[in-house]
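As you go down the protein sequences, you meet chains A, B, C and D in turn. Using my numbering, count along the first sequence one by one with no gaps and you end on 570. Using my numbering, count along the second sequence one by one with no gaps and you end on 570. Using my numbering, count along the third sequence one by one with no gaps and you end on 570. Using my numbering, count along the fourth sequence one by one with no gaps and you end on 570.
Treat the hints loosely; a few may be bogus.
Where chains are identical, the list cannot tell them apart; a pair therefore holds if satisfied intra-copy or between any two copies.
Stated by the list, open to error - Taking lysine to any residue pairs in the SDA-like style, the calculated list, with each CA pair at most 25 Å apart, reads:
id, residue 1, residue 2
1, Lys449, Arg526
2, Lys268, Tyr480
3, Lys332, Lys525
4, Lys413, Pro301
5, Lys336, Glu450
6, Lys227, Leu564
7, Lys484, Gln275
8, Lys484, Ala344
9, Lys525, His433
10, Lys388, Glu450
11, Lys316, Trp337
12, Lys502, Ala267
13, Lys268, Glu481
14, Lys268, Ala408
15, Lys413, Gly429
16, Lys227, Glu558
17, Lys413, Ile269
18, Lys449, Leu474
19, Lys227, Arg489
20, Lys268, Asn285
21, Lys388, Arg526
22, Lys449, Val333
23, Lys388, Thr527
24, Lys329, Glu350
25, Lys292, Asn359
FYI, nobody ran anything at the bench for these hints, they're computed from the structure.
4 protein chains.
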Amino acid sequence: MIKVGIIGATGYAGAELVRLLLGHREAEIVWYGSRSYVDERYAKIYQNMFQLVDAKCMEDNMEEMASKVDVIFTATPQGLCASLLNEDILKKVKIVDLSADFRIKDVKVYEKWYGIEHKAPQFIEEAIYGLCEVNREAVKKARIVANPGCYPTCSFLSVYPLVKEGLIEPNTLIIDAKSGTSGAGRGAKVDNLFCEVNENIKAYGVAGHRHTPEIEEQLSLAAKKEVVINFTPHLVPMQRGILVTAYASLTREVSYEELKAVYDRYYQDEYFVRVLEKDVCPQTRWVEGSNFVDVNFKIDKRTNRVIMMGAMDNLVKGAAGQAVQNMNLMFGCEEAEGLLMAPLFP
Amino acid sequence: MIKVGIIGATGYAGAELVRLLLGHREAEIVWYGSRSYVDERYAKIYQNMFQLVDAKCMEDNMEEMASKVDVIFTATPQGLCASLLNEDILKKVKIVDLSADFRIKDVKVYEKWYGIEHKAPQFIEEAIYGLCEVNREAVKKARIVANPGCYPTCSFLSVYPLVKEGLIEPNTLIIDAKSGTSGAGRGAKVDNLFCEVNENIKAYGVAGHRHTPEIEEQLSLAAKKEVVINFTPHLVPMQRGILVTAYASLTREVSYEELKAVYDRYYQDEYFVRVLEKDVCPQTRWVEGSNFVDVNFKIDKRTNRVIMMGAMDNLVKGAAGQAVQNMNLMFGCEEAEGLLMAPLFP
Amino acid sequence: MIKVGIIGATGYAGAELVRLLLGHREAEIVWYGSRSYVDERYAKIYQNMFQLVDAKCMEDNMEEMASKVDVIFTATPQGLCASLLNEDILKKVKIVDLSADFRIKDVKVYEKWYGIEHKAPQFIEEAIYGLCEVNREAVKKARIVANPGCYPTCSFLSVYPLVKEGLIEPNTLIIDAKSGTSGAGRGAKVDNLFCEVNENIKAYGVAGHRHTPEIEEQLSLAAKKEVVINFTPHLVPMQRGILVTAYASLTREVSYEELKAVYDRYYQDEYFVRVLEKDVCPQTRWVEGSNFVDVNFKIDKRTNRVIMMGAMDNLVKGAAGQAVQNMNLMFGCEEAEGLLMAPLFP
Amino acid sequence: MIKVGIIGATGYAGAELVRLLLGHREAEIVWYGSRSYVDERYAKIYQNMFQLVDAKCMEDNMEEMASKVDVIFTATPQGLCASLLNEDILKKVKIVDLSADFRIKDVKVYEKWYGIEHKAPQFIEEAIYGLCEVNREAVKKARIVANPGCYPTCSFLSVYPLVKEGLIEPNTLIIDAKSGTSGAGRGAKVDNLFCEVNENIKAYGVAGHRHTPEIEEQLSLAAKKEVVINFTPHLVPMQRGILVTAYASLTREVSYEELKAVYDRYYQDEYFVRVLEKDVCPQTRWVEGSNFVDVNFKIDKRTNRVIMMGAMDNLVKGAAGQAVQNMNLMFGCEEAEGLLMAPLFP
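Kindly generate the complete structure, drawing on both the sequences and the hints.
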C-alpha cells in the first residue's frame, strides 16, 4: 500500500483527493493535513465522509509527514509547497504539488505573475510538469511532479494536437474559459456566496490571469517557438466543470477529416481524453465527477479559423484526479487505478 | 457474471442503473431497453457513457429479454411492468421492479391511488417489498422485488425505529418531504424546464400523493395497526436528493440518549444507514451520488414531539442503488457490491 | 419628500430598501449607513446601482442621522437598534426596525431566545408589530414599528384566519418553512458559499429557531390563548423566497367552500395577500421581487387536518417591502406606493 | 393610452412584455395573443399575474387585432410575423417584431441562415432595425421596427464605438457569448429541463448560429466595409442574462484613457448603456430585470488586442425592454417610460 499524506486536506481539492483515494486499491491516506482544523475529526468537516474516514486532521507538517508516508500531495495556495520543501524531504518521499510552485520553469515569470518570491528555485528544473498525456515517461521517474492548473489542463489538451502539428498559428490563439465555483476554493469570501454567484456570469482576471504564462509555456514547448495568447476565465454558477472555447487561425486549408485524424492520433490511446464525434460539443455535465476531458473542434471556413473545445471536471482531471493519475505513474500502478468511475449525471 | 437487462434504460433511473452497474464486478448489462431510442447508440443519449458503453438501445421487450438475461430491472412508469409480466418470464429471470406495481399489497388501494387497473394482481402477494434493511432475508429468496419508492424509502427509514418501538404515536405523523428534480423524470414538460424549476420551491400532490399509501402500508406493518399520515412532497431546485422532515408526538417522556440508542440498535449493522451525531442535521449534499441514507432526530420538549430527519440521493438509495442492493441480495453477492463509492461533494 | 436614513444599507435587506425606495415617489434616501464601507461609494458595493445612486456610505450613526431624516430603517442584526435608541431620537424621527429588538413583548422571552440583554426595554410596549394586515391603524400612529421577521410574516399570514376563527387547534400547528439563501445575509461564511448551498437542502435551528417565539406570540394574540408550536426552517438553493407549509388539526368538519370564504373575508381587501384558487399551490417564483404573499390551503379529510401554504419574497414582504409598507402608513402615503411592481418571472 | 396587442404573449418574451407594460403609464394591453392557450385566463399560465391581469388569451390574429390596437408586438419564432403582415395592417397599426423577420436587409442571407422562405420581403427595406442607440430618429418615424436579437444587441453595443472609430480591425473580431436559459424559450424540450441545464455549460450553434449574419450586417454598416466574424454562443445555468466577451486586434497603439473617452462619447447620453469604471467587469447580476447594458473593455498590450465586454438581461434589453423602448420612440413617449426599475439583486 502506498502511504499518502495530504497537505491541505480540508480544501475542495484536498477533499476530492480523499474521495478518490478512498476508492484506490493500492493507496491509503495516513495523514490528513490541515491548517484550520487540527485535531478535529475529518468527517466532521466533510460530513460525506462520516463512517468512511475516522481520522482526525493533523498539522500541515511536511517534515514529519515525510517520515511517515510515501507520497505527499500539497493542495494549498502557491508558495507553501516551495517554502516547505528541501532535499531531506525529497530523499524520503515523492511530492505531487497541486499548487503553481513548480509548474513554470522560468522563476522570474513565476515571481512576476504570482507576486511572491520563490523559496525553492533549486527544485524547479527537476520538477516534471505532470500532464500525463504529454510527459508520461518523465513523470514515472520524477521525485517532484507539478500538477498542472485546472485551466491549463483543459486549455492545453484542447489545442495541443493542432499546435504541435503546426496546423494553427499559435499566436492567434484566444482561449475563452468558463469555470464552476469550486475552483475558487472554500475560503469564506463574499464573492463566492451563493447569492453572489448564482444567476450570474462574469469574466475575471482579464488579460492578467496567472494561468496565462503556464499555458503559454506549455504551448511554446509544443510549438517550438514563443507563444503569446489571450486567456480569459469566467465564473459560472455551477459547482464543478471547466469549459474551454479556443479560437485560432488555420495555417492552411484543412478538412474535418484531416483534423479529426490528427486528434485521434494524439488521443486514441489516451483513456482520459475523449475526442467526441462530429458536431458534438463538449459539455461539462458529461464529465462531472470523472477524470475525462472531452474535446472536439469545428472548422469555420468563413473566417478560416478553427474553434477548439474542451470540457473537464476542474476538481478531478483539473486537480485531484490528475494528481492521482500522476501518483499512479510514479509508483507503477495502473494509470487509471482509482479513476475509473463513470461521470455522474444528472 | 450476472446478465442484466434494463427496461427503461434511457430514463434518469435507468441511466443511474447503468452508471452503477458499470462499476459492479459481478454484473454486466446486456440489454439496454428503451421505448424512444431503439437502435440509437446509448452513449449518444447519455454522452457521459461515450467510450464506456458501446451498445445500442433495444426494445423494451420483456419476453425476449428474459431469455437472455438473469435479472430484469424495470425503470418505467407504473403499469408497464405488471402488463408485461407472466409466469413464463418469472421462470427464467428475476425481476426488480422500480415502478409502484408490486409495492402495495392491497390491489384496490393501488388501483384507487394510481387510477389504473392492475394487470398482474396474481404476483402481488409473492413480490417482496425491497427495503433491504427490513426485508433482507425475504429479498434473498424473491423472484420479484418491488423496489421501494424514493419518498417512501427516505420517509420510512427516518421514522421506522420509533414507530416499531411504539415511541411515537404513528397517527400523529406528518411527513414533509423535499425532492430534487430528477425525481420527476426526463419527460419534456414545461413544469420541469430550468426556468420553471430554478429559483422556486412548491408543494405538489398535497394530501393526495401516490407515495402516501405505500408509506402507510409499511408503517402499519411496523406499528401493527393501521396508520394514516400526512405526506407532502415539495420540488426543490436541485438535481438529486430527498430530505424528509417528519413530526410525531412522543408516547412518553424520553431522553436523547434513549432515542439515540434505539436508532443505533436498528441501524448499527446497516452499512447504508448512517445515524448522525447529536445535533447534526442530515443534508442532501452529504449523500449525493451514494447509497447512504443519513438520519437523525431532535426532541422538542416544548411540544412533546420528536422531529425525525432523513437525507438520501433519490436516484441511488431511492431508485437505482437500492435496486442494485436488492439484486446483490437476490444473487448472493456482497450487499454493497457496486455501491461503495463515497458521496460526491461539492 | 420623506427623508430616509438606512442603518445597515449594505446588507441584503438594506440593499433591497434602496432598490424599492428608488422607485418611491414620495421618499428619498439621504443617508446610506454602513459599518464596513464608510466613505465608499454605494454603487461600488452594489454595482446594480451604478449611475442610479451617487452617494457614499456614511457611518451607522443614529444620533446624527436623526437630525437629518424623517425616518430611520435599521436593517442590522438584533441588539443594535435597541442599543442606539433613546427618547431624544424618537422625538425627531420615526423608526422602522427590521431587527427582532421590538417584536417580542415579553423581554424575558427575547433575552432567552436571543441570548442578549435588551438595551431599551422601555420602548418595547410602545413599539407596534408592523404586520400591516393586522395592525394597520396602530402602525399609522406609531413612532417605532417592529418590522416582522421573514418567517413569521409568511407563517402568520398563512394560518391567521383559521386560528382567529377557531377553526384549527393552534397547539397542533406544525410549520415547516423553506427559505432562499439571501435570508442568511451577506456575511462571508463558509456555510453560505455557492458550493455549500447549491444542490443541497437542510433543516437548521430545529426546535430552537428564534422566530418561534415571535410566531407564537402573534398566534397567541389571535387565538386568545397561549400557543406553542413546532417551527422548522430549511435552507433551499435559491436566492429569494420563503415557502411555508403548515399543518394543523381542524376543530370541526369543514368544507373547502367554508374555509375559502374565511380566507377571502380576511384578505379580500388586502392588496398584498392573494388567496389563490382551488388546488393552486403557492410557489415562490410567482412572487419574486414583489410584496405579495400568496396563500392557499388544502383539507385532508383522511387525517382531519388542513395544510396551509404561503409563499413570499423574503427580502420584500419579509423585510424591505413590508418596511416600506409600514413607512407608507406612518407617513400617510398610499400603502402600496413604491411596491406596485409585478413579480419577476422567470 | 396606447392600446397594445401581443402576438405570442405566453412565451417568456411575451410575458416580460406584459410585466413591463403593466408598469407603463401610457400603454395598456388589450389583446393577449396566444396559440396554445386561447380562452384560458392569462394569470392561470403566469400565476405571478394573479389579480394583476384579468384577461383571457385570445387568438394570434393579427388582422383582427390590427383594428383594435395601436401597436402590435410579435413575440413569436421567425416566419410568423412576415407571414401575417400586409399593407392593410400596416395602415392601421405599428409593428414591433421581436422575431428575426425584418432584421436582415438581404433577404437571401435571411433565407439561407433561417432556412425558410421570407413571406413579406416587400417590407424589409422599410423596416427599421430597432437599436435605439443607433437608429433613434429612424425608429421614431417607423411603421415596422425589427427588434434586435438578444445576442446582437449585447454584442453590437459592446464593440460598436471601437468598430465605428476604426480602432479595431473588425475582421479579427471573435465574440464569445454566454446566455441564460430563458433565451431558449418556454417550449417543452428535454435539452432545457432543469436536470439537463443545471450544473452544465456548453457551446452550441458553433460557427453557424443565426445571429451571426445579423451582427455582421450591423458591424458592416458601422465599419463601412464587409465584416465577417466568429460568434459562439454558450448556454449557462441561469435564468436571465447575456454576457459577451469580444476580442479584436487594435489598429494602432492606444491608451486606456483614449478608448474610455471613445466609449464615453458614444454612450454618455445613452441612459441604458453604462460604461463601467476602469477594471470593473460587467456581470449579468447587476443588470437583471432592468433595461441596462453594462459595457467595459481591457487592453492587452501583450497581444495588442482589446477585450470588450457587455452584460445585459436577455429578456429586457435583449427583447421586451428594447421593444418597449422602441414603442416609446414610435409614439412620442419618454424613451425610458416603463423601464426605470433598478436591477434586482440578489
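**Message:** One pair to classify: Lys388 and Arg526, alpha carbons no more than 25 Å apart. Within, between, both, or neither?
**Reply:** For Lys388 and Arg526, the Cα distance is within 25 Å both inside one copy (24 Å) and across copies (22 Å).
**Asked** Quick one: Lys388 to Glu450, C-alpha cut-off 25 Å, is that within a copy, between copies, both, or neither?
**Response** Within one copy only: 13 Å inside a chain, 33 Å across chains, cut-off 25 Å.
**Request:** Could you figure out if Lys388 and Thr527 sit no more than 25 Å apart (CA to CA) within one copy, between two copies, both or neither?
**Result:** Cα proximity of Lys388 and Thr527: in one copy and across copies (22 Å, 21 Å).
**Message:** For Lys268 and Asn285, with the copy left unspecified, which applies at a CA distance of at most 25 Å: within, between, both, or neither?
**Reply:** Within one copy only: 21 Å inside a chain, 41 Å across chains, cut-off 25 Å.
**Prompt:** Under a CA distance limit of 25 Å, which applies to Lys268 and Glu481: within one copy, between copies, both, or neither?
**Reply:** The answer is between: 20 Å across copies meets 25 Å, while 53 Å in one copy does not.
**Message:** Reference check for the pair Lys413 and Pro301, CA-CA at most 25 Å: within, between, both, or neither?
**Reply:** Classified as both; 15 Å inside a copy, 20 Å across copies.
**Identical-chain pair category, Lys336 with Glu450, by Cα at 25 Å** = within (18 Å within a copy, 42 Å between copies)
**Item:** 25 Å Cα threshold - placement of Asn359 relative to Lys292
**Value:** Cα proximity of Lys292 and Asn359: none, with 28 Å in one copy and 45 Å across.
**Request:** Tell me, please, which holds for Lys502 and Ala267 at an alpha-carbon limit of 25 Å: within, between, both or neither?
**Result:** Between copies only: 14 Å across, 44 Å inside.
**Request:** Check Lys484 against Ala344 for me: Cα-Cα at most 25 Å, and say if that holds within a copy, between copies, both or neither.
**Result:** neither (42 Å within a copy, 43 Å between copies)
**Alpha-carbon proximity context of Lys332 and Lys525, limit 25 Å** = Close across copies (19 Å), not inside one copy (40 Å); limit 25 Å.
**Request:** Tell me, please, which holds for Lys227 and Leu564 at an alpha-carbon limit of 25 Å: within, between, both or neither?
**Result:** both (21 Å within a copy, 21 Å between copies)
Hints 8, 11, 19, 25 from the earlier list are contradicted by this structure; the remaining hints agree with it.
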